[in-house]
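Colleague: Sequence:
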Amino acid sequence: MEREKWLFIDSGNCDPAYNMALDEALLTWHSEGKIPPVIRFYGWNPATLSIGYFQKAEKEINLEAVEKYGLGFVRRPTGGRGVLHDQELTYSVIVTEEHPNMPKTVTEAYRVISEGILQGFRNLGLDAYFAIPRTEEEKAGLKNPRSAVCFDAPSWYELVVEGRKVAGSAQTRQKGVILQHGSILLDLDEDKLFDLFVYSSERVRERMQKAFKNKAVAMNQLRETPVTQEEAKKAFHAGFEEGLQLDLQPYTLNEEQEKEVEQIAESRYRSKEWTFRR
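Residue numbers are given in our numbering: position 182 of the sequence shown equals residue 201, and the series is strictly consecutive.
Just so you know, these hints were derived from the structure itself, not from any lab.
For clarity, every value in this text was computed on a predicted model and none was experimentally measured.
Below are the DSS-like pairs computed for lysine-lysine, each with C-alpha atoms no more than 30 Å apart in a straight line:
no.	residue 1	residue 2
1	K291	K75
2	K232	K211
3	K211	K75
4	K229	K75
5	K278	K194
6	K232	K78
7	K75	K234
8	K278	K53
9	K194	K53
10	K78	K211
11	K194	K75
12	K252	K232
13	K253	K234
14	K53	K123
15	K232	K75
16	K53	K253
Computed Cβ-Cβ distance ranges for the label pairs, DEER-style:
no.	residue 1	residue 2	range
17	E209	E281	26 to 36 Å
18	N32	K278	14 to 24 Å
19	K78	A257	40 to 50 Å
C-beta atoms are modelled at their ideal positions from N, C-alpha and C, and glycine is treated no differently.
With the hints as constraints, model all of the structure from the sequences given.
Modeller: Dropping the structure here:
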């Protein structure tokens, strides 16, 4: 049986506003029927702290530390908590809600899309599986997260290896289209990550950082030989093809599309109104 063809874009390392603008543009073009579904891989230049759509930037984020580390700073169009995009592979998936393989509920669609990531980890020899909150306490924790840090706890169907979260994703649905994007951690600087948030006291920070070690891990902490960015791209490209039963066709934006992405980046993701809107 012939497999469905989706587009594949490898954007390389881009600035934070461009990254979010391109995800938004792809969602719009797909909703207008101009392009088929897309899987995109990208990185960040400079390394960036992204915050969720609903987060309060000035209340939750240590903006002085963001500046001190020379990080980019951007608000995502998706929910969720703060993510330090540094030593990672970032992915996005853009597909219509009407796609026959996409379940109607957010969590179930999340599981289907994440099959590609699951397979990618297995291609790298890591025994990944889906987190399913089991106790009432765990379920309550998802509704009322205690931390502004994304990797602090796994959500429904988040990817876990040896009990610790290895990838964090967020989803939005607009114009009849699902946009899911997320971070696949290669390496992680925990001290830098925890410097970027505001805490009620130093003791609270210490307690949270200590607990964090048991909750999240980067894949190179789990492997004897470190994974390079290129190896990760190959493994997860194959993972999405296997996990979602697709053929991915390389795609490059044309000049007109690039201009449109730049306009979105300038008018929204580089504007203080958007970034500090809450």
